[in-house]
Each structure stands twice: as structure tokens, then as C-alpha cells.
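Novice: Read off the chains here:
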Amino acid sequence: MSGLLGEPAAARAPSSTWRSLTRRPELVTLLLIVALSLTIGLINDRFFSVQNGVDLLRSSIRTGIFALGVLTVLAAGGIDVSFTAIGVFALYVTTKLTMSVWPDAPFALMALASLAIGLGLGLVNGLIVYRFRVPSLIVTIGTQYVYRGALLAFVGTAYITDLPRAMDAFGRATLLQTTTADGIRVSLPAAFLVLVAVALLTWYVLRRTLLGRAVYAVGGSLPIAERLGFNVGRVLLFVFGYAGLLAGLGGLVHGAMNRQANPFDLVGSELDIIAAVVLGGARVTGGTGSVPGTLLGVVLVVIINNSLILMGVPSTWQKVVIGAIILVASGIFARRSATA
Amino acid sequence: MTHDSSTPTAPSTGEVLLRLTDVTKTFGGVQALRGVSLDLHAGEVYHLLGENGSGKSTLIKIISGAQPPSGGTITVRGRTYRRLRALDALEAGIETVYQDLSLFPNLSVAENVALSSQLVRGGGRLARPLDPAEVRRVASEALTRVGLPTSEDFLDTAVDELPIAVRQLVAIARSTVIRASLVIMDEPTAALTQREVENLIGIVDRLRADGVSVLFVTHKLDEAYRIGGNLVVLRDGQKVAQGRLADHTKAEVAYLMTGQTLDRTTYRAGSPQEEILLEVSGLTRRGAFSDVSFTLRRGEVLGVTGLLDSGRNELAHALSGVRPADAGKMRVGGRDARLRSPRDAIDLGVGYVPEDRLTEGLFLEKSIRENMIVSVLDRLLGRARTLSAERAERLAGDLVRDLRVATPNVELPVQSLSGGNQQRVLVARWLATRPRVLILHGPTMGVDVGSKDALYRLVQDLAQRGLGVLIVSDDLPELLMNCDRVLVMRHGRVAREFSVPGLDEATLTRELLDDRPLAPSPAPPGGLLAAAPEKGGD
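Just so you know, the protein sequences line up as chains A and B, in that order. Per my numbering, the first sequence runs over residues 1 to 340. Per my numbering, the second sequence runs over residues 1 to 538.
Calculated from the structure, these hints are not laboratory results. We treat Cβ as the ideally placed atom computed from N, Cα and C, and that holds for glycine.
The calculated label-pair distances, taken between Cβ atoms and stated as ranges, are:
1) B:SER341 with A:GLY142: 37 to 47 angstroms
2) A:ILE332 with B:ASP22: 49 to 59 angstroms
3) A:PRO314 with B:GLU411: 54 to 64 angstroms
4) A:LEU27 with B:GLU134: 22 to 32 angstroms
5) B:GLU15 with A:ILE332: 55 to 65 angstroms
6) A:LEU137 with B:ASP326: 37 to 47 angstroms
7) B:ASP326 with A:GLY142: 48 to 58 angstroms
Based on the provided sequences and hints, a complete structural model is requested.
Specialist: Take a look at the structure:
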């Protein structure tokens, strides 16, 4: 009989590991990052250099800002593929407008303009999704075409490399600067602070306000949220508006760091960013995902994009690796929901 | 504020909490409610009784603000509304425990319990900070009230990790967070076993003692009588009776609900034949049930019952191939059978009507015809291996006639049917596979009295035709009325087998609950608090 009693206890031990993975899917992401870093580091020890570390952080800025917006939409059970179009729209319009009206405008004002454009376009998404109850994937595929088409047709198709002074200065501003042993100057751009601020804000809103919990509630079940008196329209307007807002910001930061406003930029990279959010533990079906998880997912995707080259993996293979990791991770996530 | 004329019919001394005046509701062309007027008094228990389609659900949706009425008014605490919003209802202290529980599967227990109260506190405004410590405190208080644990681990557990009975209690805990004046419970006992029902009755008593009114929506007359209080009977969207429950006999109430008298005590008419259709020996699935053996004969109706954690549900799943057993033998029709999937079961002639017909069994938006033929598509192939519409139609037509499904057209979606008729569509699908053995899992959960009657007749008819029928259910009267034998399961084993003639409900109940408290058993998962924290851990 004692064997019988021992059995469930033995069966419980591994399941508690599963349980912690269930509750903290970002641990899976972290494990993947560690495993990948060790592998790359073993093959090429330059991976663990200061220079590479700073490079990774620098590359995370743009992806991170966008990803936090995508997280908010995914948490509410929606999806947004128009954010890159919003980002480039806000960047290009703001830059062109500033150059023609007031080239010496302060950066804060430009940022404000870019944020407002992003917010406006995001709210259009939210309004259509809520008013007409159209699946957000369809809506944002549509608006992606519209926003990008309108930009190219009505605003312009020429690269702007002569940037407003304040924007240029922001792009060059650095937070940390050192020179490595072999004489290479590495610097972390000040724009990194933008990502930090956005992450803190998003975390606060999602975790510590009723609105944030309502976002997850709607993502868990929209009809139930409605029945319990949550204003679902507000929630949807918020998530799409917020994703648009961050897209506007991300677009401008991207332009400043690359020192150009290119109307053909960004669109096409939305899957990389959505992949980062999903790898960070957010389910496409909604109601889950966290800010730390998303940031880890961003780091993971950035490592794959930037560092596989250090391993001698040709750049054409990077997409295969991202795809494979998504498949492995989603397999793990699927198993955890099956055992829950 | 106007003085309403007092209501002479009300026996209660409490003030009028809620008044419906001539409330109507139409959906498209269908009249769901035809002028219902109703007073509910403070500190009273009401049972809203009626068959499926009588308007019960619509009525509570209107009271809780989930749907606006088409006509009439709702007066809550002296304020009259033409249209009550969900938030208005919450602010007035009207709390609803929906049949589907309306919990957010992805949110924690603490948030599920406490969020709506935070919403009400801010008047519906979302842009306000939320203090997690406050959420936990509010949730802990409410959980204590319904006897659930309040450990950090439990508060943080996502609701979709909890067994259904615990979810039910979480939903009830939520309804007590706001200083409620009226708690509506829509079929709260549908997923509960008798012991859990007792717990619920205790909670209701405490609410009543606090001056809170409770409105039950239910099919189960026995439970209504156990709880006591008042009854409100709806039929065809109209209120046909209101008064003290004690003033009416069960037969009268059944008559009020259905408009017909029902006083059958047993449905079982035939007797089993010699041939053994299903033989199970030593069937085991680790952590769920072990060493289950029994036989089922041609023309026999066998019942299986047990508490929620007894393994009865898991046994039904194993026998139907949904979640196969990992040890033991099954012989179907005299041949060894290994079930690895529901398809294997179908091929062997074992049909399975799942417990939750809505989520597990039917494609609600698809037509009656499509639902009926979906398991036998390969038999309906015509030339060029494409589906023969003609044969499909003929089969569906036959089944509709055979099972007396009340519908003008087999092309209508299944969701247009009442609950009892949906059940028949599901049974029809299995009959189309020409099964030898039919497993009915909780066949009358959420089914009204009239449909139950029809379903029981159908079961007997099937047995008469030579099927072996296995009913897995916690509805004891149902088993006593329909079966030849009943197996009682406890802790994953068959504790005892009864022969039904001469058996009474009390004996069965005793056997179900025997040695129940304190048993330090190797409890299978799915026990009442399986997802609650394990103390210490061995």
C-alpha cells in the first residue's frame, strides 16, 4: 500500500516544475536565451564582449518599443500588424513637416507630433475593430496598406537624410561610452532611456491600474467582460491607441538612430516583432503576456538576428532559426496549457 | 419618489427590493417574455422555475443589466429604469452567478473575485490605480466566506487551473464582495455533487441571515424544496405562479412548469438479455481510476455514479476513447478491443454522448442535418467519393422522425433548438453510427422536466431495441428510474454494485458518501481542491 501512496507524490514533483513554467512562461524565454548565448559564446567568444552587449541593447530599442505596444494589443485578445506602417508614417510626416516649417524645432515637440500621429492612426484601428466588430487582424492588414499607401501617394517617396537639428542631436546623444581594448569606440545611445521609460509605463499600466487588468479581462473573454460591466469599447480604443502611440514613438526613435527618414522603411518587419512578443510568453489567443517576458523575447530575437553571424550562420539562415525557435517554444507553451 | 400601492400578495415583511413592471422582451420575432411583473423582497430566497425556453435566462439577464428589456420598467431600491446597465445593477447590489460562471480563465482567483468591486467603486472608470494588496485583501475576505483557502498560492492560481466545483465557489465568492442586496444564481448546482450542494446551501443561509435575497434559477425541484423559500414559475414567457414553496406539492409545481402532469416513478420496463456486449476487466488510468470491472448485456441499462472526484467522469472518457485507459482489458461484442481514440470506439460500436453537449458534442452553428451525419460521412459517399446530399438528407430525416426532434427543417442550426431537442440531435448522431453500446454521460444536465421525460423514454426504447446503455450520472433519481444495476465509484474504484429493484436513494447516497471525510487516499487529480496548495507535501 505504501507504494501506492508514494506514487502520486513522485508524480507531483515534475508537475510542480511544469506549474512554475505555466505561471511564468518568461522562464522558458530566459532558458532559451541562456542556451543560445552559451552556444554562440562557445563558438565565438566575441559574443561575450562589451561591444556585442552594447550592440544588442542598441538593437533592442526599436524592437522593444514596438513590441510593448503589440503586447498590449495581444493581451486584450487582438492583434496589430499595422504598427510598422504607423511608425514610418509618423516618422516621415513629422520629419518632413519639421524640415519645411521649423527645422530648429525642439525634439520634444517633434516627439509630441509623432506620438499624436501614432495615437490618431491607432485609434482609427480601435474604432473600426470595436464599431464594426471586425477581427483585428483583418482591420490592421487593411489599415497597414492604407497608411503606407497614403504615405507614399500623398506625402512623398524621397529619403530624407538631412534631418532636423534636434533629431540629429538626439540620434547622436549617448548614455555610456567606452573604448574597448582593441580601440573600438562603443556607445549606448540615449534612446535606450526611451525604451526603459516605455517599459516602466507599460508595466505600470498593465499591472497596477484597473485599465490594465481590464485589458487582460477582455483578452480572457470579451463577452464576460461586457456582462460584468467593463467598458469594452474603451479598452479596445486604449490598446490600439496605445500601440499606435508607441509605434509613433518607435518610428521617430528609429529614424533618429538611423539618421534618415525613409518612407519605405519598417513595413515588413512586423512579424519579427510579433514573434518577439510571442516568444516572450504572450499567447496569440489573448489574455496573457507580461512586460518582462516581452523584453526577454525582444532580446532573444535580437540575439538571433545580430549574433548568429558570430557563429558563422549565414544571414539567410537566421529566419530559419527564428522560425524553429518559435515552433519549439510554442510546442512547450502548448504542452503547458494541455497539462494545466 | 412616488408611493407605490402596496402588494397584497407578498407574505414577506421585507421591503420591496426589486420590482419588474410588465417587462417584455422580443428577439427578432420571438417573444421571450410577455409582460412579467414581479416583486422581490429583501432577505428572501426565491426559486425561479421553468422549462428551457420559458424565459428564465432572459429574465435574469434583464435583472442583471446584461440585456435591455423591449418594454416595461425595472425598479431597484426606489429608482426606476427603462434600461438597466450592467454597472447600474452592480451598483444597486445585484450580483449574478451565471451558469457559465463568467470567470476570466486567464486571471487569478484574487482578481476574478475582486475586480468587479473595484470597477463599481470607480463608477466604471477604468483609468485608476489598483492596489494589489487591496485586491488580495478583498478577495481573501470573500473566499473565507465560502470556505475556500486564502493562501498566496491559491490567490495567484489562474482560474482555468481549477476544477469546476472550485470555480463555482470562486464565482459565488465574487458575488459576495459587493455589499449585495440580491444574488442571482443560475443553475448553481449543475456541476456540483450532493456534498458540494450542502456547502452551497450553507452559504445561502448565511447570505439570507445577512439580509441578502437570493434568486435561484433551477430545474431541480428536489433542491428547491431542500432550500425552501418562495417560488416563481415561468411558462412561455409569462409568470404563472408566485408564492411560498411549502404551499405547493412537487407535482403541482411540475404541472405549473410544464402544463402537464408527470408522476412516473420508474421508466425501466424491459429486462436485459443474455448476450454480453461490453466486458471490462481491471481497467485503470493512473491518477483517475483503477481496477474497474463490469459487464453490460444486450438490452441492459447500467448506471455509474460517484462524487465528482470518484473517477466516474474519467471512466466514461476511457470507455469512449476520449482519454484512453492505460491498463486493463475491454471486450466489445466478445472481441478484445483496444481504444486509443474516439474513432476506435465508433468503429467498435461504442457511442458516447458527452457530458456537456454544448461544448463537447455539438457544432451549434451548423445545421441539424450536418450534426447528425458528421460521424458517418464515409457511409454517405456517392459516386466519385463525394458526399451524397440525397442520402444525407434521407438519413437525417429518418433520425428526426425516429427521435421526434421538434423542428420544421433539418437545415436549421442546432442552436435554434431547445436543450432537450439538442440532446436528441446528439443521440441521433450516435444512432447513425449503429452502435451496440451507448454511453450517456450526464444526459439530463441542464435539461428541463419535460425533455427529461422524453429522453428517459428514448433510453428505454433504445434498450428495447437491443442496445446496451451505460448512464454515467450524479442524478440519483435518474439512475433509479432508468437502470437495472448501479455501480457506485469511490476514489477511483467501484465500491459497490447495486441491483436497482428495491434500492432507494438514501442507500445510494450513504454509499456515495461513505468514509468520505478524512480519507487520506491517493486522491486522483480533480478533487475538490486539487489545485489548491498542497500542505507540506510528501
